[in-house]
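Trainee: What follows is the residue order along each chain.
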Amino acid sequence: MNPITLFLAGAGLSMLLSWILVHVLRKSLVDLLEELWASRSRAGFWAAVGCVIILLLGTFGGTTNGGYSRAGEFTSERGFFALVTQLRSSLLGLFGALMVVSMTVMIFMGRVDRARGSAEQRQMAKAFDDFDRSKH
Amino acid sequence: MLATLAIGALLGASVLLTLLPAARPWLIESCRGEERARFWTRFIGLAISFGILVGLLYARVFGDRFLLLDWALEPQEELHRIAVGLRMALQFTGGILVLMCLWAAALDGDPSGK
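From first to last, the protein sequence lines stand for chains A and B. With this note's numbering applied, the first sequence covers -7 to 128. With this note's numbering applied, the second sequence covers 62 to 175.
Check each hint, because a few of them may be wrong.
[Said to hold, decoys possible] Chain A residues, not near chain B, derived (Cβ > 10 Å throughout): (1) Leu24; (2) Glu26; (3) Glu69; (4) Phe72; (5) Val76; (6) Met91; (7) Ser94; (8) Met98; (9) Met116; (10) Ala117; (11) Phe123; (12) Lys127.
[Said to hold, decoys possible] Covered by chain B, per the in silico footprint, the following chain A stretches (three or more residues, Cβ under 8 Å): (13) 4 to 13; (14) 27 to 37; (15) 50 to 60.
[Said to hold, decoys possible] Which chain B residues stay away from chain A? Per the calculated CB distances, all over 10 Å, these: (16) Arg93; (17) Gly94; (18) Glu95; (19) Phe100; (20) Gly106; (21) Phe111; (22) Leu114; (23) Leu118; (24) Tyr119; (25) Ala167.
The set of hints was computed from the structure by calculation and includes no laboratory data. All figures in this text were calculated on a predicted structure; none of them were measured in a lab. No residue lacks a Cβ here, since even glycine has one placed at the ideal position from N, Cα and C.
Starting from the given sequences, assemble the full structure and let the hints guide the process.
Mentor: Following this line, the structure appears as structure tokens:
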């Protein structure tokens, strides 16, 4: 098999894997971000950014050509191991992308929770002040 | 070369089809205007397309040495160039995406609402 065809098949397969992951994650990511942002359009945009990051990193891993040595004859056995190397890198890229997206969402959730907590505290303190003032 | 461009076009279409339909409603909300949103949507689309194209051409044309006239390469050398081209395209796209995220975060303000 021609090494270029095999490499492009590997890159295409890694892009397909990334698409599947994006398809699985997208809806829940949009819902989660919508709950945090309280805005569908913002949630949709940031979810799309997360999906593109997954797509780019998965495909980036899938373009590894370390297995396709430039020296020597290209045999089907070498081709198989080169394809395996490509797919393994793609999976590593997808894992890295997932970690990046999930860590970012976790940090963001923490900030939003803290902001909501302090807003609730301020509201309660104000309610107590109003109550004290009404008593005196 | 055609294979590189084909897979680059597929990649570009995937990125743009994921990002642009979601970016438009957000831009309308954040930029407070349909016309501004249209401009920025086009700007993002063009920037990403340009990044992908430059990345793809970069390695094929300006690889280890200037090979503009030497199109007939060995398959494994050609494969190396395709791989480097695709990776460059992905890196340029990623760079543009990071810049866009910084700009978008500044436009959206502090998520905690402070």
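Trainee: Confirm or reject each hint.
Mentor: Here is how each hint holds up against the structure:
no. : hint     : result
1   : Leu24    : holds, 13 Å
2   : Glu26    : holds, 12 Å
3   : Glu69    : holds, 16 Å
4   : Phe72    : holds, 16 Å
5   : Val76    : holds, 16 Å
6   : Met91    : holds, 16 Å
7   : Ser94    : holds, 16 Å
8   : Met98    : holds, 13 Å
9   : Met116   : holds, 18 Å
10  : Ala117   : holds, 17 Å
11  : Phe123   : holds, 26 Å
12  : Lys127   : holds, 32 Å
13  : 4 to 13  : holds (count 3)
14  : 27 to 37 : holds (count 8)
15  : 50 to 60 : holds (count 6)
16  : Arg93    : holds, 12 Å
17  : Gly94    : holds, 14 Å
18  : Glu95    : holds, 13 Å
19  : Phe100   : holds, 16 Å
20  : Gly106   : holds, 13 Å
21  : Phe111   : holds, 16 Å
22  : Leu114   : holds, 16 Å
23  : Leu118   : holds, 16 Å
24  : Tyr119   : holds, 14 Å
25  : Ala167   : holds, 14 Å
Checked against the numbered hints above, the structure breaks none of them.
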